[in-house]
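Produce the entire structure from the sequences given, and follow the hints as far as they go.
In our numbering, the protein residues as written are -1 to 598.
Read the hints as simulated data drawn from the structure, not as lab findings.
Fair warning: there could be bad hints in the mix.
Mimicking DSS-like on lysine-lysine, the simulated pairs with C-alpha atoms at most 30 Å apart in a straight line are [unchecked claim]:
1. Lys255 <-> Lys239
2. Lys239 <-> Lys282
3. Lys239 <-> Lys287
Computed Cβ-Cβ distance ranges for the label pairs, DEER-style [stated by the list, open to error]:
4. Gly540 <-> Ser577: 33 to 39 Å
5. Glu504 <-> Arg592: 21 to 27 Å
6. Lys72 <-> Pro386: 42 to 48 Å
7. Val73 <-> Val485: 56 to 62 Å
8. Asp140 <-> Met591: 48 to 54 Å
Quick caveat: nothing in here was measured; it's all calculated off a predicted structure.
C-beta atoms are modelled at their ideal positions from N, C-alpha and C, and glycine is treated no differently.
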Amino acid sequence: MLRRALTRKHLLLTSAGTLSAGTGLYLYTARNDRLLRPGEPTTATLLRTWVVFSMCSIPALVDHSPRILEVLGKVPVVSKVAEMVVRRTFFDQFVGGDTAHETLPVLRALRSANTGALFAYSVEVDEHEAHGDLADGVSKTDVSQRIVNEMIRCIDVADEFETGEVEGGGQKKTWVAVKITALLPNAASLINLSKHLLATRPTPSPPVPFPGLPDPSDLDVLTTSPYGNTFLTSDDITALKRLYGDLDRICEHAERKGVKVIIDAEYSWYQPALDALTFALMRKYNAIKEDEAKPGVTQPLIYATYQAYLRRTLPLLHHTLLHSQTHHYSLGIKLVRGAYHPTELSSHHRPLPPSPLIANPKSITIEVPPTEDIPDVHEEGPSISPDPEPPVWGEKGETDACYDACARVLVEAVARDSARVGGVDKHPAEGADRDGVGVGAMVGGEGEGKGGRKGQPGVGVLFGTHNWNSSNLILEEAVKHGMAHYVREEPGTGTGQGELATKAGEEVVQLSEALTERVTVAQLYGMGDALSEYMTRRTRSGAPFVIRYVPYGALSEVMPYLGRRAIENKGMLGDGGASEERRRAGREVRRRMRMWGGEP
-1 MLRRALTRKH LLLTSAGTLS AGTGLYLYTA RNDRLLRPGE PTTATLLRTW
49 VVFSMCSIPA LVDHSPRILE VLGKVPVVSK VAEMVVRRTF FDQFVGGDTA
99 HETLPVLRAL RSANTGALFA YSVEVDEHEA HGDLADGVSK TDVSQRIVNE
149 MIRCIDVADE FETGEVEGGG QKKTWVAVKI TALLPNAASL INLSKHLLAT
199 RPTPSPPVPF PGLPDPSDLD VLTTSPYGNT FLTSDDITAL KRLYGDLDRI
249 CEHAERKGVK VIIDAEYSWY QPALDALTFA LMRKYNAIKE DEAKPGVTQP
299 LIYATYQAYL RRTLPLLHHT LLHSQTHHYS LGIKLVRGAY HPTELSSHHR
349 PLPPSPLIAN PKSITIEVPP TEDIPDVHEE GPSISPDPEP PVWGEKGETD
399 ACYDACARVL VEAVARDSAR VGGVDKHPAE GADRDGVGVG AMVGGEGEGK
449 GGRKGQPGVG VLFGTHNWNS SNLILEEAVK HGMAHYVREE PGTGTGQGEL
499 ATKAGEEVVQ LSEALTERVT VAQLYGMGDA LSEYMTRRTR SGAPFVIRYV
549 PYGALSEVMP YLGRRAIENK GMLGDGGASE ERRRAGREVR RRMRMWGGEP
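Structural data, given as structure tokens:
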């Protein structure tokens, strides 16, 4: 007990001391910052980055950060000081602003560096409160409807920025992210839908690991009365119908404004339901019909998120590439590694017994034993997977290999899709891809016959990654498949300053318009700045190729979730990631000081 108390005291003193030092450093702004090029961070920003990632380099401090903030927030006077310090450090580092409009200066700064943005109202479900009906005494229905309205307002701000402030028009690179669990009063309804889908979906051959594959019939349960008993209650069905209506309203507004919508992935126990909703929206709003392109809308409009740490991801990718082509809709994919790995592993202690639901596709009847006999979740976690293995890979190397395999498949699919409208100079010969499935068969080549989608992009990809190897792989694959080529900087055309600056004669990658229309790479705002700048400065394109995921929301709304996400994303900061971010900021500050002091 004494050791634990001393540890807590040490952490509180460390955080208080570091935050105090950080406040002093943050107040410093070098007068020479006026010499910086557009898009380059100010010296005060670099100092703030150094302080924030110095704290992120302390694992124990990251683990205890939610508790530290909770304790400091309850102490009179100290709470106000703590709030000010947090706002000037962590909030300003990782959050774009309190409201969508307050984020506009961030959007302008990013665009001045030829970087786009993925807007995200950073409010998500608290797993410990997911099954309640009230949030601090306020009806959760009222809260969820307020969030829906905020999503629509966010789309308006993105459109206003693109149409009113971005010169030259062209490709819109201010998009909006949607987290579905925040849009309904009780997230348990999504879990119950996931259970229902696991019991009633057709079994693929060969089998696909949990959470399985989406099916066009997934949402039939919302419009037809289920036979027999089901995991879904009448309240669930009412809530899910309203949820789909709200999502439909969001997507319809996005279509009207020409703003892309990215549906975020979440914990695996929500994922079957999220897949069902997302692909239903995709089939509706990404539908491609000859001579019916909507003005101002570049397909795909709706994107699903694929998590490479899930064992099912590569089979899911092959399945949806083929399904989208044969059913004539544009496939939107956001490929990420995944943010919930520790929780997914700890939640999967043992598999559920075989499902009590027995589905007969011929009679469409379902037999269910009494509800009290049905185990809702694993004994020691919320996982609903029936598989003996966890849904996620056990090792980071397996996730990395899966991500890169998916990236290769996707870049080739994009190249073949572009080739149908003459968007590439060449494309590889027909044949099987590295995993034995011919991408040509999934996406089609030039001269498609009946059912072809000539003139409209059939696939779009957002690569969300903080991994340098994967980022370089994407560029290499784009060059390999004729969607980019290497050029050398002409004298006087070098870009940037410092360690990432390009120089005359250096080789950079010229991206085709067909590529930037279909492919972007993204990093979280406030993290991975070096990689974002590297990708921007090593590529040349008319429209932004790099975008940043920019969350926004009031401090009281986002801080509890920032604390949890800091813990969940330690893997991204691991292997010295936070330390490298800190060192890089420090090196750039020292370089500027030497330069401004007249040193070479």
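Hints, verified against the model:
| no. | hint | verdict |
| --- | --- | --- |
| 1 | Lys255 <-> Lys239 | 24 Å, holds |
| 2 | Lys239 <-> Lys282 | 16 Å, holds |
| 3 | Lys239 <-> Lys287 | 27 Å, holds |
| 4 | Gly540 <-> Ser577: 33 to 39 Å | 36 Å, holds |
| 5 | Glu504 <-> Arg592: 21 to 27 Å | 23 Å, holds |
| 6 | Lys72 <-> Pro386: 42 to 48 Å | 45 Å, holds |
| 7 | Val73 <-> Val485: 56 to 62 Å | 58 Å, holds |
| 8 | Asp140 <-> Met591: 48 to 54 Å | 52 Å, holds |
Of the numbered hints stated above, none is contradicted by the structure.
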